[in-house]
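Novice: What follows is each chain in one-letter form.
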Amino acid sequence: MNNNSIGFTYRADNWWLQPVAVLVGLGAFIAYSTWAGMQGAYYYYEPYLSPFYSPLVYVKTGIPGGAPLSHSLLGAWPAWWPNFFLLPSSPAVLILIFPLSFRLTCYYYRKAYYRAFTWSPPACAVGAFPQKNYKGETGLLTFQNFHRYALYTAIIFLFILYYDAAQAFFYKGGFGAGIGTLVLLINPTMLALYTLGCHSFRHLIGGQTDCFSCSKTKFGLWKKVTYLNERHQLFAWLSLFWVGFTDFYIRMVSMGIIKDYNTWGI
Amino acid sequence: MIERNFKIWRGNSKGGDFVNYKISIDEGMVVLDALKLIQADQANDLGLRWNCKAGKCGSCSMEINGKPKLACMDRVTDYKEDSQITVRPVKTFPVIKDLVTDLSWNYEQNKRIPPFKPKPRENGAKYRMQQEDVDRVQEFRKCIECYLCQNVCHILRDQEKKNKFVGPRFMIRLASLEMHPLDTEDRIPAIKNEYGSGYCNITKCCTEVCPESIKITDNGIIPIKERVVDRFYDPVLKLFRVFSGSKK
Ligand code: SF4
Ligand code: SF4
Ligand code: FES
Ligand code: FES
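Residue numbers (the numbering used here), protein chains in the order written: chain A, 19 to 284; chain B, 473 to 720.
In short, the hints are calculated from the structure, not lab data. Hints are supplied without guarantee of correctness; some may be wrong.
Claimed, not checked - List of simulated lysine to aspartate or glutamate pairs, EDC-like, C-alpha gap at most 16 Å:
| # | chain 1 | residue 1 | chain 2 | residue 2 |
| --- | --- | --- | --- | --- |
| 1 | B | Lys552 | B | Glu475 |
| 2 | A | Lys241 | B | Glu604 |
| 3 | B | Lys528 | B | Asp607 |
| 4 | A | Lys129 | B | Glu475 |
| 5 | B | Lys720 | A | Asp228 |
| 6 | A | Lys150 | B | Glu666 |
| 7 | A | Lys241 | B | Asp607 |
| 8 | A | Lys234 | B | Glu680 |
| 9 | B | Lys589 | B | Glu650 |
| 10 | B | Lys664 | A | Glu155 |
| 11 | B | Lys552 | A | Glu248 |
| 12 | B | Lys591 | B | Glu617 |
| 13 | A | Lys153 | B | Glu617 |
| 14 | B | Lys541 | A | Asp31 |
| 15 | B | Lys591 | A | Asp228 |
| 16 | B | Lys479 | B | Asp554 |
| 17 | A | Lys129 | B | Asp574 |
| 18 | A | Lys242 | B | Glu604 |
| 19 | B | Lys687 | A | Glu248 |
| 20 | B | Lys633 | A | Glu155 |
| 21 | A | Lys236 | B | Glu475 |
| 22 | B | Lys636 | A | Glu155 |
| 23 | A | Lys153 | B | Glu632 |
| 24 | B | Lys589 | A | Asp31 |
| 25 | A | Lys241 | B | Asp690 |
| 26 | B | Lys636 | B | Glu666 |
Unchecked claim - Derived coverage of chain A by chain B (criterion: at least 3 residues anywhere in the stretch with Cβ under 8 Å from a Cβ of chain B; other residues may be distant):
| # | segment |
| --- | --- |
| 27 | 46 to 57 |
| 28 | 149 to 161 |
| 29 | 201 to 211 |
Said to hold, decoys possible - Cβ pair distances, simulated, as ranges:
| # | chain 1 | residue 1 | chain 2 | residue 2 | range |
| --- | --- | --- | --- | --- | --- |
| 30 | B | Trp577 | A | Ile24 | 49 to 55 Å |
| 31 | A | Thr244 | B | Lys720 | 20 to 26 Å |
| 32 | B | Lys479 | A | Ala39 | 37 to 43 Å |
| 33 | A | Gly274 | B | Asp554 | 55 to 61 Å |
| 34 | A | Trp53 | B | Ile474 | 17 to 23 Å |
From the three backbone atoms N, C-alpha and C, an ideal C-beta is built for every residue, glycine too.
Please model the complete structure; the sequences and the hints are all you need to start from.
Specialist: Right under this line is the structure:
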């Protein structure tokens with residue numbers, strides 16, 4: 019009866035549906051974002067900038083669908099860049115590590131990938147991947163404890179991506195809006211709903227105290243963050259989908275495959 | 473007349489096997505009723521532990537079709553007519569007889585936890601607590617000690633790390649003490665080193681099975697893990713403590 023083999027269970031329901039859905043969902047996103055981030059082209063269509071590429075630290079000029087040099091923080095792409103296939107001269111490879119580390123150490127995603135990818139366990143009351151000496155998050159995975167630092171960078175990224183959304187209202191100085199503007203505005207909003215519902219944020223904003231009645235402001239903020247925290251999984255997926263879609267939309271417009279409807283008539 | 477097929481594990485610490493029973497049931501019966509009926513009519517020696525039949529004593533924990541549940545809160549008619557309902561004792565704790573297991577390991581863990589240590593009263597005055605401060609710890613006090621969470625936690629169930637991790641039920645007991653505004657005991661170092669908070673990988677099965685719907689992971693374990701981070705991992709806070717001379 020006490021069978022310890024992997025995947026063994028007496029459960030009769032479709033327990034494998036959830037891990038498979040996570041595997042497919044996260045797998046698809048990882049595949050698309052890696053591909054899109056390595057392109058180094060078609061990430062820009064004035065005034066839209068793909069969120070995978072923002073902020074632009076260096077910009078390589080003369081690239082189809084690339085941003086103009088004036089958008090770069092530090093100027094032209096450095097000549098010393100090794101430029102082999104794992105490290106293409108794409109502005110995305112310089113910054114993707116930040117959102118990646120945030121999602122990688124997020125308490126929700128940890129649950130999702132520990133279940134779907136490492137099977138520890140794949141589902142409740144279903145045999146886990148056998149490990150001789152399970153260490154949880156005390157051994158190699160101790161780095162998960164630094165999630166709050168990834169959160170700090172994610173908050174900075176919210177400002178950057180809202181700035182990009184604001185920029186998307188101006189084409190060559192003229193105010194207006196397009197479908198792309200809307201897409202770029204929804205993106206940081208989804209990310210904000212996800213980021214501000216973070217468990218570490220909930221702790222730092224008020225959860226660390228034992229006395230809620232001592233500060234009404236802290237308690238009020240904690241309650242608001244708790245509201246988002248209870249929906250953290252939902253916003254994790256919505257924001258993940260939307261950031262991928264935003265890149266996809268701008269890429270398609272930039273490649274001339276679809277047309278962006280906007281007030282500027284471009 | 474409605475009928476259902478049951479497959480019940482029968483045996484003791486030395487071994488055993490599943491035995492099939494077929495019974496006719498009434499509308500509204502729960503699995504515990506069905507087991508008692510089988511006990512009365514077909515298997516007088518069926519070992520079964522129950523008490524309140526109201527989901528409040530935590531005695532009737534078992535695994536029904538593989539899911540850790542209270543037998544007294546699980547309707548038989550929720551299972552399809554032609555299906556077989558498999559009932560087995562909880563996996564994580566040793567079987568005594570049939571569906572009854574030895575849960576004493578859990579009581580041993582409880583004893584290891586330093587109890588509530590309130591700060592001294594000011595001039596003999598009464599303790600006063602505000603509702604918002606009570607609410608947070610009150611959630612954990614709904615626990616009926618059914619130990620379904622302990623049973624499903626893969627660290628205790630599959631990884632055989634009972635010597636490293638006290639389990640979710642005691643993580644929320646620790647949380648309820650640590651978050652208590654009147655408590656003065658510091659359990660954070662022990663939470664990390666002795667009770668094993670780092671072993672939990674927040675996969676949330678404890679929350680999934682809790683019959684009291686306590687948000688064990690989100691409201692108990694994760695906040696406690698964050699307090700451990702404050703104390704042991706956050707370099708900025710560590711530096712801050714060096715300069716401010718504070719210990720916590
Ligand atoms: S969340 Fe942690 S304590 Fe709860 S079942 Fe999972 S590993 Fe065990
Ligand atoms: S926390 Fe929930 S599942 Fe765990 S023992 Fe208490 S009531 Fe049972
Ligand atoms: S817990 Fe998910 S972002 Fe922090
Ligand atoms: S008999 Fe008391 S909880 Fe089921």
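Novice: Run through the hints listed earlier and report the numbers of any the structure violates, in increasing order.
Specialist: 3, 4, 6, 8, 11, 12, 13, 17, 21, 24, 27, 29, 30, 32 and 34
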